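Peer 1: Protein sequence lines, in the order shown, are assigned to chains B and P.
Using our numbering, the first residue of the first sequence is number 1, and each one after it goes up by one.
Using our numbering, the first residue of the second sequence is number 1, and each one after it goes up by one.
Hints may be right or wrong, so weigh each one.
Stated by the list, open to error - Calculated cross-link-like contacts (lysine to aspartate or glutamate; reagent style DMTMM-like; alpha-carbon spacing at most 20 Å):
id, chain 1, residue 1, chain 2, residue 2
1, B, K61, B, D201
2, P, K93, B, D650
3, P, K104, B, D201
4, B, K31, B, E146
5, B, K171, B, E574
6, B, K162, B, E378
Unchecked claim - Sample of chain B residues with no beta-carbon within 10 Å of chain P, all distances over it, derived:
id, residue
7, A202
8, T219
9, L232
10, E378
11, S431
12, P473
13, P496
14, L566
15, G581
16, G649
17, D650
18, A651
19, R656
Said to hold, decoys possible - FRET-style restraints, in silico, Cβ to Cβ:
id, chain 1, residue 1, chain 2, residue 2, range
20, P, A75, B, E634, 24 to 34 Å
21, P, S70, B, D650, 26 to 36 Å
22, P, A59, B, R645, 18 to 28 Å
23, B, L671, P, S70, 22 to 32 Å
24, B, F629, P, L11, 52 to 62 Å
25, B, A658, P, N4, 53 to 63 Å
Just so you know, these hints were derived from the structure itself, not from any lab.
These figures come from a predicted structure and were not determined experimentally.
We treat Cβ as the ideally placed atom computed from N, Cα and C, and that holds for glycine.
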Amino acid sequence: MTLPIQLLWVIPALPLLAASIGALTPRSGRKLAAGTAIVAMAAAFLVSCSALLGALAEPAKHAFYNFAWFDLGASSVRLGWLLDPLTAFMCVMVTFVGLLIFIFSTGYLREDENFARFFCFLSLFAAAMLGLLVANSLLLLFVCWELVGLASYLLIGFWFHKPAAAAAAKKAFITTRIGDLGLLLGMLWLYDSTGSLLFYDAGQGILEPDTLGALAAQTTIGGLAVSTAIGLLVFCGAIGKSGQFPLQVWLPDAMEGPTPVSALIHAATMVAAGVFLIARVYPLMAADQALAGVPFHALTVVAGIGAITALLGAVIAVGQNDIKRVLAFSTVSQLGYMMLALGVGSWTAAIFHLLTHAFFKALLFLGAGSVIHAAHHEQDIRLLGGLRGPMRLTFLTFAIGTMALAGVPFLFSGFWSKEGILHAAHGWSVSPLPLYAGLAAVVLTAFYMTRLVAEVFFGSPRSHSAEHAHENPAVMTAPLTLLAVCAVALGFVGTPAWPWLQARLNGQTAVYGHSLLEGGGLMILSIVLVALGLGAGWAIYARRPRVSQTSVDPLAANAPRLFAALGARLGFDEFYAATFGRMTAATATFADGLDRYVFDGAIRFLIRLGEFAGLVNRETDEDLLNGGFDAGSEALRSAGKGYSRAQTGDAHSYLRVAAIGFVLLVLIIMLGGLR
Amino acid sequence: MSANSLQLCLLFSSALFCIGLTAALSRSNAILVLLGIELMLNAANINFIAFWRFGPTPAPATGVLFVLFSIAVAAAEAAVGLALVIAIYRHQKNIRLQEATSLKG
Chain B
1 MTLPIQLLWV IPALPLLAAS IGALTPRSGR KLAAGTAIVA MAAAFLVSCS
51 ALLGALAEPA KHAFYNFAWF DLGASSVRLG WLLDPLTAFM CVMVTFVGLL
101 IFIFSTGYLR EDENFARFFC FLSLFAAAML GLLVANSLLL LFVCWELVGL
151 ASYLLIGFWF HKPAAAAAAK KAFITTRIGD LGLLLGMLWL YDSTGSLLFY
201 DAGQGILEPD TLGALAAQTT IGGLAVSTAI GLLVFCGAIG KSGQFPLQVW
251 LPDAMEGPTP VSALIHAATM VAAGVFLIAR VYPLMAADQA LAGVPFHALT
301 VVAGIGAITA LLGAVIAVGQ NDIKRVLAFS TVSQLGYMML ALGVGSWTAA
351 IFHLLTHAFF KALLFLGAGS VIHAAHHEQD IRLLGGLRGP MRLTFLTFAI
401 GTMALAGVPF LFSGFWSKEG ILHAAHGWSV SPLPLYAGLA AVVLTAFYMT
451 RLVAEVFFGS PRSHSAEHAH ENPAVMTAPL TLLAVCAVAL GFVGTPAWPW
501 LQARLNGQTA VYGHSLLEGG GLMILSIVLV ALGLGAGWAI YARRPRVSQT
551 SVDPLAANAP RLFAALGARL GFDEFYAATF GRMTAATATF ADGLDRYVFD
601 GAIRFLIRLG EFAGLVNRET DEDLLNGGFD AGSEALRSAG KGYSRAQTGD
651 AHSYLRVAAI GFVLLVLIIM LGGLR
Chain P
1 MSANSLQLCL LFSSALFCIG LTAALSRSNA ILVLLGIELM LNAANINFIA
51 FWRFGPTPAP ATGVLFVLFS IAVAAAEAAV GLALVIAIYR HQKNIRLQEA
101 TSLKG
């Protein structure tokens, strides 16, 4: 049964419903919250599978369904759903990995008092991520993109009473926001140039040939094609979200969140959103490839950033002592690989690696979570050790994940997907440097993963909590087992002999396979490099395991300064704190001064002016108006007083005056001779 | 003859008026002041009668009627005046006009 395209919204709506139920669930409703989240995720998984069947029937078609969101004057803002193999594969992966991680979380967070809230946030995250996948509009994608960022913020800061977690949540949110600003600008520019943000719209969409041709034909500052400039701005968003150089600093700190969150968001899905975004707008990124006169192409930048990130993450991971931080830097490095693949033009290889990586990295993080849970939240690999015996199932699945990540040949999925990327890099005509960076990262990946396994599982327990670790219940180990099976099996859908996944992503129904050993020389070189990394790690860390928690790392004994620099993550955080942090502080001080003296001064001046006007007003009122009335009434009163003096109250005096007046009257009449 | 009679009458009434005025101004007893005022009133009445009796056109009984009214009004006035005197007496236990100055401004 296939899903009608109009109903594609059901996939994100199911977890969203679960999130709203979870938000209304009181703290005591643990089973309700977890139950609805898991059921919704399982239902979304089934719906995604049915959507995948529909997409695979016609892989070349970009099925879309657009509708008007709201009208603004004559123009209308339109959103839509999009279903093609890329969306469908991603949806299935996110819902499946998400489902397993949800189940794992019920065990991992069993004792947390905010259990219900955790599942509300997880469901919100899943809804946002799935919405991002099914969007047929850059606007809808951006909205979901920001919701994913919000969910990430909430989940990293889930244990917000820990200052480090609260700070990490803020750091993640603000750092990704820097990239999102670029994405927003790119989106606005795109809308300004094309008048649409829909990906596919029957010839009018931004990823369709007519629009792309028009965008590539225009040039802007520096001789860049408009499509290049927009593509680079969109890539800024991907840099932030996918932890690429130079914004990779937030991802390791995000490990302050609960481990299932690290597995779901910061390894398997959310950080892959940046890769997905570039794969989705790949036609836009590649629109300038045919142009000759431009300074550089958008994809060249992507490849460069990817190569730098792949190497940088792998190098720093060697010097980390926190089990989750090693995995975090490994995620940074693997995301760099994916960007590298996108940049060198093989977006199908990037998505293949994204899918395999999602499974084995979720497996590794959940394995790390299992270790941390068993060892009473001890994360320092120097304090662990010897867990091979008591945690046999965790050890086995973790080892499978390690081999998949390291790219152990033929059996494990990571080998095939990484091989695809190296092969694509080899075929890139612009520069061989990304290939060299990728090959160097292969050695380092094998090396640091061997170091991690050796430190955690071999040797003897080096702390009280590690001694008393024991295997976790089935609710946590069952997801590990399932993921381990996937980490092996998934590789076989994309081997060079039968590149089914790549062909479907490319819109082909038939599979054109090459020999299994296509590009044999490169493959042999890569196998040798993996063996070198594994062997070096084995020789240095596993043959003579660490004996006490204070003993010096063998690498640190030989190159203490280099190792310390790696442990301090090459000082990126300090560098940013010293430059951007200080610049921000200076700007804030300046703004504070501006506010305090200039704006405040102006306001104070206005206040003084007002006070002065009031004073003048009062003086006029009191002295001029009031004074005039006062003087007038005073005159009247004194006149009245003078007259009242005549009122002696003595009847005689009145009579006397009347008589004198009468006599005077008579005299006047008589002397005047009137009449 | 008639003019002389008129003059005599007017002289008489003037004398009466002056006597009354003197009494009203010089006495401090309120009743005696009232008496002086009655004298002055009567002087005016005599003038009425004289001008009517010796006037150029003696209309029938107009002067007498006027004087009759005047006497009636004077009687009423005397009643009011005596009532005031009694009120003053009750208030200040004597009827000396110099002391009845509570209306002083």
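Peer 1: Checking a non-interface call: every C-beta of chain P should be farther than 10 Å from the C-beta of G581 of chain B. Is that right?
Peer 2: holds (88 Å)
Peer 1: Using Cβ atoms and 10 Å as the threshold, tell me whether T219 of chain B really stays out of contact range of chain P.
Peer 2: holds (103 Å)
Peer 1: Can we trust that S431 of chain B is non-interface, i.e. its beta-carbon lies farther than 10 Å from all of chain P?
Peer 2: Holds: least Cβ distance 117 Å, greater than 10 Å.
Peer 1: Is the straight-line distance between the alpha-carbon of K104 of chain P and that of D201 of chain B 20 Å or less?
Peer 2: Outside the cut-off at roughly 106 Å; violated.
Peer 1: Verify the CB-CB distance for L671 of chain B and S70 of chain P against the hinted window 22 to 32 Å.
Peer 2: holds (30 Å)
Peer 1: Does the Cβ distance between A75 of chain P and E634 of chain B fall inside 24 to 34 Å?
Peer 2: violated (49 Å)
Peer 1: Range hint 53 to 63 Å: satisfied by the CB atoms of A658 of chain B and N4 of chain P?
Peer 2: The hinted range 53 to 63 Å is violated for A658 of chain B and N4 of chain P, with Cβ atoms some 31 Å apart.
Peer 1: Holds or violated: is the Cβ of E378 of chain B farther than 10 Å from all Cβ atoms of chain P?
Peer 2: Nearest chain P Cβ is 106 Å from E378 of chain B, so the label holds.
Peer 1: Take the C-beta atom of S70 of chain P and the C-beta atom of D650 of chain B, compute their distance, and say whether it sits inside 26 to 36 Å.
Peer 2: Cβ of S70 of chain P to Cβ of D650 of chain B: about 28 Å, so the range 26 to 36 Å holds.
Peer 1: Is P473 of chain B truly not at the interface, in the sense that its beta carbon sits beyond 10 Å from all beta carbons of chain P?
Peer 2: holds (110 Å)
Peer 1: Taking the shortest Cβ-to-Cβ distance between L566 of chain B and chain P, state whether it exceeds 10 Å.
Peer 2: The assertion about L566 of chain B holds, with a minimum of 109 Å to chain P.
Peer 1: Is the Cβ of G649 of chain B more than 10 Å away from each Cβ in chain P?
Peer 2: Answer for G649 of chain B: violated, closest chain P Cβ roughly 3 Å.
Figure legend: structure checked against the earlier numbered hints; hints not met, in rising order: 3, 4, 16, 17, 18, 19, 20, 22, 25.
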